[in-house]
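The listed protein sequences correspond, in order, to chains A and B.
Each residue of the first sequence is one higher than the one before, counting from 1 in the UniProt record's numbering.
Each residue of the second sequence is one higher than the one before, counting from 1 in the UniProt record's numbering.
Rather than coming from a laboratory, the hints here were simulated on the basis of the structure.
Mixed in with the good hints there might be a few duds.
Pairwise CB distance ranges (calculated) [as the list claims (entries may be wrong)]:
{"#": "1", "chain 1": "A", "residue 1": "Phe137", "chain 2": "B", "residue 2": "Lys101", "range": "31 to 41 Å"}
{"#": "2", "chain 1": "A", "residue 1": "Arg15", "chain 2": "B", "residue 2": "Leu95", "range": "17 to 27 Å"}
{"#": "3", "chain 1": "A", "residue 1": "Leu126", "chain 2": "B", "residue 2": "Leu95", "range": "16 to 26 Å"}
Derived coverage of chain A by chain B (criterion: at least 3 residues anywhere in the stretch with Cβ under 8 Å from a Cβ of chain B; other residues may be distant) [as the list claims (entries may be wrong)]:
{"#": "4", "region": "15–29"}
{"#": "5", "region": "53–60"}
For clarity, every value in this text was computed on a predicted model and none was experimentally measured.
Glycine is no exception: its CB is placed at the ideal position from the N, C-alpha and C atoms.
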Amino acid sequence: MQVNDSNRRRRSIGRLGLACLVLQLALAPNIGIADGRINFALVFAAYVALTTGGRTGVLCGFLGGLAFDLCTTGPFGLMTLLLTVGSFVLGMEDRNRIAEDLSGSITIFMIVSFIVTLVYHLAMFLVGQASSFYDVFVLRTLPTFGLTAVAFLPFALVGSHGSGAPLSSIRGGAGPVRRRPGKFDLGNL
Amino acid sequence: MPLGGNGLKGAPGVRRNEPNSGMRLMIVLTAVSVVLFTFGARESSSGGVFTTIRGAVSVVTTPVRYLGVAITAPFQGLGNVFSNLTANQETLSDLKAENEKLKAENSKLQESQKTAERLESLLALQSTYNLTSVAARVISGPTDSWSQSVTIDKGTTSGLAVGMAVTDSNGVLGQITECGATSATVRLITDENSGVSCMIQSTRAQGMLQGSADGSLQLTLVSVDQTVKVGDNVVTSGLGGVYPKGLPVGKVTSVSKSDGALYYDIDVQPLASTSTAEEVLVITSLDEDQKASSEDISSADAQDTTTSASSASSDSSADSSASTGE
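Sequences and hints are given; from them, build the entire structure.
What follows is the structure, encoded as structure tokens:
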């Protein structure tokens, strides 16, 4: 019998958030392609939104963005805004999409991740942090998007194979996860 | 167009208007984010609340950042490997040129470091012996093959005069023999015409240190009834008033005594780098306590008297031997 253990869920999300924060501080600055760096705040927000969704996802998106803004030198509140909206979009279905539809989850993550990254860098361009759109798009947006997408894959794979269950199965009696093919199921290609 | 597997609109899984959809929370937090962004953008570059918070977060998270650097440091070279594999000829040429430039700069810096170390040694010597001196730089070596001398870049305009003692960081180097307005010639202690009143530091045996044509030093006029050993330090005695008393000069490398001789044959290795000195101190004046005291002079005279007496004694013995036909 599944028990709606909200404390356990909070702890799991907290541990994941802490891990992503450490990775953002320790790993992201040291791994890069061109000027691109991994955005672990986006990974965290997307993972929670795709596995839990709803208000929890939105709140985690907000907090993840806030942590990102605090740890970087960009405009304060920009990533907070983008991840809040992005988490809402990713978590609209309010169910564990990763466990049910991995390929579809990855695809929608790619779309939202690209938009968030592009808007963030465009905003930076508009506030005068860069002088060339080419630099913004080729040297920053695309590498950041690529690295973040690659960084998300292990989380998604773990989340789809039961290790991510603490975030999903503890959600009020969801029961055993039944995989169902999604529109973006890459396995059907 | 549906976004999710079941579409966003009208799909069973989508509950946008249900309490847990987070729409209201999203609106509230979006508004908060916009407020944060606005205040953050209006904050002056000199600092503010957000800058302070960021600074505090940076301080708190610094250990984690160091940890990341430590962990990823071994892998940093991998990027270079790939870069090198794909580098074109122009890049390699640029890197080679930069490498040469850096080598030259490195050599220059090493030279500066050595100079600084030598100057520090000079300062230490000046401080140790409480010398009143002027620092100078050697600008040329011997100008002819007949003398062992160097030229320094200070002269009368800097208060130098003929007869002043010159030392490097290790010990006595020589004495000014010619002094121009902006340069001076220093006769090295290894010069054949050089002579410095010295003594063995441990036994206070007095003697005269003389140079030679081959650049070696001999301590002469040390009586055989004095005790001299290899390795003894030779220091200036202060007699003559040119060199301060007790300044290091060299070490005894060999001591020999001929049959019937009154004085030792003592070879001395100079401490000063007579051939490679670059920075020197010119001792411009001596304090009273740096000059030989009357006791030192009496002691030197006593040694000389003893030697003379021994010499007279051996002379008389020789005369008597000769008279007796021995």
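Exercise for the section: Return holds or violated for the Cβ distance of Leu126 of chain A and Leu95 of chain B against the range 16 to 26 Å. Expected result: Taking Cβ atoms as reference, Leu126 of chain A and Leu95 of chain B lie about 37 Å apart, which means the hint is violated.
Handout entry: Within 8 Å of chain B's CB atoms, at least three CB atoms from the region 15–29 of chain A: coverage verdict
Key = Since 5 is at least three, the answer is holds.
Practice task
Apply the coverage criterion to the region 53–60 of chain A and chain B: a residue qualifies when its Cβ sits closer than 8 Å to a Cβ of the chain, and three qualifying residues are needed.
Solution key: That given contact holds, which follows from 7 residues of the region 53–60 of chain A lying within Cβ reach (below 8 Å) of chain B.
Problem - Pairwise beta carbon distance, Arg15 of chain A to Leu95 of chain B, judged against the given window 17 to 27 Å - result: Because 46 Å falls outside the window, the suggested range is violated.
Problem - Distance restraint evaluation - Phe137 of chain A, Lys101 of chain B, Cβ atoms, bounds 31 to 41 Å - result: Between Phe137 of chain A and Lys101 of chain B, where Cβ atoms are some 35 Å apart, the hint holds.
Figure legend: structure checked against the earlier numbered hints; hints not met, in rising order: 2 and 3.
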